[in-house]
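Engineer: Required output: the full structure, derived from the provided sequences and hints.
Residue numbers (our numbering), protein chains in the order written: chain A, 1 to 172; chain B, 1 to 187.
In case anyone wonders, no lab produced these hints; they're calculated from the structure.
All residues carry an ideal CB built from backbone N, CA and C; glycine is no exception.
Hints are not guaranteed to be accurate.
[Stated by the list, open to error] Here are the in silico distance ranges between beta carbons for each label pair:
#	chain 1	residue 1	chain 2	residue 2	range
1	A	Pro25	B	Gln175	26 to 32 Å
2	B	Lys136	A	Trp156	34 to 40 Å
3	A	Ala163	B	Phe96	36 to 42 Å
4	B	Leu154	A	Pro134	31 to 37 Å
5	B	Arg102	A	Phe4	37 to 43 Å
6	B	Phe96	A	Met1	32 to 38 Å
7	B	Leu171	A	Leu15	26 to 32 Å
8	B	Arg33	A	Lys12	35 to 41 Å
9	A	Pro134	B	Cys139	24 to 30 Å
10	A	Trp156	B	Trp135	24 to 30 Å
11	B	Ser98	A	Leu79	25 to 31 Å
12	A	Met170	B	Gly70	30 to 36 Å
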Amino acid sequence: MNLFVLYLLLLKATLTSVSGLGSLPMVRQDFVVTRHVLTDHQLNMAVVAGRTGPGPYGIYLVCVAYAVGGVWGAIVGLLATITPAFLVIPLMHWVGAHAGKPRVRGAVQGLMLASAGLLLFASVPLARDAIVGPLTLILALASFAAITFTRLESMWVMFAAAAVGLIARMFV
Amino acid sequence: MAQATWPFFWFGNTTFGGGYITMIVLGRELVDRLKWITRQDFELAFALARVTPGTNIIAFCAAVGKILRGWAGAFSAVIAVTMPSAALAVLLMQGFDSWQGRPRVMAALAATVAAVTGAMWSTVWMLTRPHVGKWKQTCRAVVFMGGAFGAARLGVTPVPIILGALIFGYLWPPQPNEPEGSGERAG
Chain A
1 MNLFVLYLLL
11 LKATLTSVSG
21 LGSLPMVRQD
31 FVVTRHVLTD
41 HQLNMAVVAG
51 RTGPGPYGIY
61 LVCVAYAVGG
71 VWGAIVGLLA
81 TITPAFLVIP
91 LMHWVGAHAG
101 KPRVRGAVQG
111 LMLASAGLLL
121 FASVPLARDA
131 IVGPLTLILA
141 LASFAAITFT
151 RLESMWVMFA
161 AAAVGLIARM
171 FV
Chain B
1 MAQATWPFFW
11 FGNTTFGGGY
21 ITMIVLGREL
31 VDRLKWITRQ
41 DFELAFALAR
51 VTPGTNIIAF
61 CAAVGKILRG
71 WAGAFSAVIA
81 VTMPSAALAV
91 LLMQGFDSWQ
101 GRPRVMAALA
111 ATVAAVTGAM
121 WSTVWMLTRP
131 HVGKWKQTCR
141 AVVFMGGAFG
151 AARLGVTPVP
161 IILGALIFGY
171 LWPPQPNEPE
181 GSGERAG
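Structural biologist: Now the structure itself:
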């Protein structure tokens, strides 16, 4: 696939979503259904890779681009992923001038709290899948406590959880 | 510039669980510990990143990078937060097919997913905590958070919920005597 076309297709997907995985339906439509340059399995692997590693979930688009166009595809995918982010700067300039006004603060706070509600909702199915027994429940609660009430970096919490999972698999 | 980019590189590429968690971890670092930006700057960057097309955390880093060091800061923050994790994601994708038959690796991954759930609850707590305090303030937080949760449960997609929260937040501003949060800009 032409790299410029790849860039435009990925850019279209990122510009029409407002979250990391929000572009997934459009990516599937363009790359799997319409152009047949990717299989569902490859798309699934790209999503899993984006979600499993550290960093933004939207990085899965780089994996999609890599599967389609190799290393140059991945570079194009990275460019398409980061391009829309810079739209925040004119937005910041415009809104920032009024940031001290109570109503603007109210709008910002409303959005923060709604985001918390949405995240809580999103955690429900994830928790249902992830918490499958006493060990995973303890790991989830311990992770919550460690990240909330200590200064421990989440990376170490994740490594500790992986180590506990590994040890449990070996001895239980 | 390297010093200003370091938190984006480190926390952006070592925090698991997606953009929300990374934004909160970066906020804790930049507002509470380093005091490079104010809580208001953080909240503004968070809110605008949430409505910017594309991946929220990348827009968040562009916004905070711009506050810290102008356009060059925005660009270097975005590169620092995306490039290493993109390279790792490509490597992970290559490894998955061969790992799937290994129960020990899958057990470690399942445990990590459980810990990510805990990290998501922690993020909810940290997003909510600054807006909970006096009775009226807490009521306001419960209405916004509960409303978003309830609307999502009814099948409303995130974009109208976010737009609704912006409009209702504008129409129902916080009390003038509510605490503002801490942190002075120093970076």
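Engineer: If a hint holds in the structure, say so; if it does not, say that too.
Structural biologist: These are the hints, each one checked on the structure:
| no. | hint | result |
| --- | --- | --- |
| 1 | Pro25(A) to Gln175(B): 26 to 32 Å | violated, 41 Å |
| 2 | Lys136(B) to Trp156(A): 34 to 40 Å | holds, 39 Å |
| 3 | Ala163(A) to Phe96(B): 36 to 42 Å | violated, 20 Å |
| 4 | Leu154(B) to Pro134(A): 31 to 37 Å | holds, 33 Å |
| 5 | Arg102(B) to Phe4(A): 37 to 43 Å | holds, 40 Å |
| 6 | Phe96(B) to Met1(A): 32 to 38 Å | violated, 23 Å |
| 7 | Leu171(B) to Leu15(A): 26 to 32 Å | holds, 29 Å |
| 8 | Arg33(B) to Lys12(A): 35 to 41 Å | holds, 39 Å |
| 9 | Pro134(A) to Cys139(B): 24 to 30 Å | violated, 36 Å |
| 10 | Trp156(A) to Trp135(B): 24 to 30 Å | violated, 38 Å |
| 11 | Ser98(B) to Leu79(A): 25 to 31 Å | holds, 29 Å |
| 12 | Met170(A) to Gly70(B): 30 to 36 Å | violated, 52 Å |
Going through the hint list in order, the structure does not satisfy hints 1, 3, 6, 9, 10 and 12.
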